[in-house]
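Peer 1: Sequence:
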Amino acid sequence: MKEKIEAWTGRLSQTHKDEAVRMQEKIEHRLEDLSEGRRESGT
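In the working numbering, the protein residues as written are 197 to 239.
These are calculated hints, taken from the structure and not from any lab test. Cβ atoms here follow ideal geometry from the backbone N, Cα and C, with glycine treated the same way. Fair warning: there could be bad hints in the mix.
Ranges of calculated distance between the beta carbons of each label pair, as one might list FRET restraints [said to hold, decoys possible]:
1) L230 <-> I201: 17 to 27 Å
2) S231 <-> I201: 11 to 21 Å
3) T211 <-> G233: 32 to 42 Å
4) Q210 <-> E232: 15 to 25 Å
5) G233 <-> Q210: 35 to 45 Å
6) D229 <-> K200: 33 to 43 Å
7) K200 <-> L230: 34 to 44 Å
8) K213 <-> G233: 29 to 39 Å
9) L230 <-> K198: 13 to 23 Å
10) E232 <-> T211: 12 to 22 Å
11) I201 <-> E232: 16 to 26 Å
12) E199 <-> R226: 19 to 29 Å
Using 30 Å as the maximum straight-line C-alpha spacing, the simulated DSS-like pairs for lysine-lysine come out as follows [as the list claims (entries may be wrong)]:
13) K213 <-> K198
14) K198 <-> K222
15) K222 <-> K200
16) K213 <-> K200
Modelling step: build the complete structure from the supplied sequences, incorporating the hints.
Peer 2: Spelled out as structure tokens, the structure:
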């Protein structure tokens with residue numbers, strides 16, 4: 197999964213790459229929170 201994301205972001209400009217990386221991190225953190233049954237407000 198991560199390799200696929202990195203290959204995809206590699207074709208984007210640096211600004212869009214940074215944005216895509218931040219979005220991916222947000223998604224990963226959300227999935228971790230959900231998998232642990234944790235819901236923090238404001239994130």
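Peer 1: Next step is simple, just say for each hint if it's right about the structure.
Peer 2: Results of checking the hints against the structure:
1. L230 <-> I201: 17 to 27 Å: holds (19 Å)
2. S231 <-> I201: 11 to 21 Å: Holds - the Cβ-Cβ distance for S231 and I201, about 19 Å, lies within 11 to 21 Å.
3. T211 <-> G233: 32 to 42 Å: holds (36 Å)
4. Q210 <-> E232: 15 to 25 Å: The hint (15 to 25 Å, Cβ to Cβ) is violated, given that Q210 and E232 are roughly 33 Å apart.
5. G233 <-> Q210: 35 to 45 Å: holds (37 Å)
6. D229 <-> K200: 33 to 43 Å: violated (22 Å)
7. K200 <-> L230: 34 to 44 Å: violated (21 Å)
8. K213 <-> G233: 29 to 39 Å: holds (32 Å)
9. L230 <-> K198: 13 to 23 Å: Given a distance of about 18 Å, which is inside 13 to 23 Å, the answer is holds.
10. E232 <-> T211: 12 to 22 Å: violated (32 Å)
11. I201 <-> E232: 16 to 26 Å: holds (22 Å)
12. E199 <-> R226: 19 to 29 Å: holds (21 Å)
13. K213 <-> K198: Satisfied, since the Cα-Cα distance of roughly 14 Å is no more than 30 Å.
14. K198 <-> K222: holds (14 Å)
15. K222 <-> K200: Since the Cα atoms of K222 and K200 sit roughly 17 Å apart, the hinted pair holds (cutoff 30 Å).
16. K213 <-> K200: Since the Cα atoms of K213 and K200 sit roughly 13 Å apart, the hinted pair holds (cutoff 30 Å).
Checked against the numbered hints given earlier, this structure breaks hints 4, 6, 7, 10; the rest are met.
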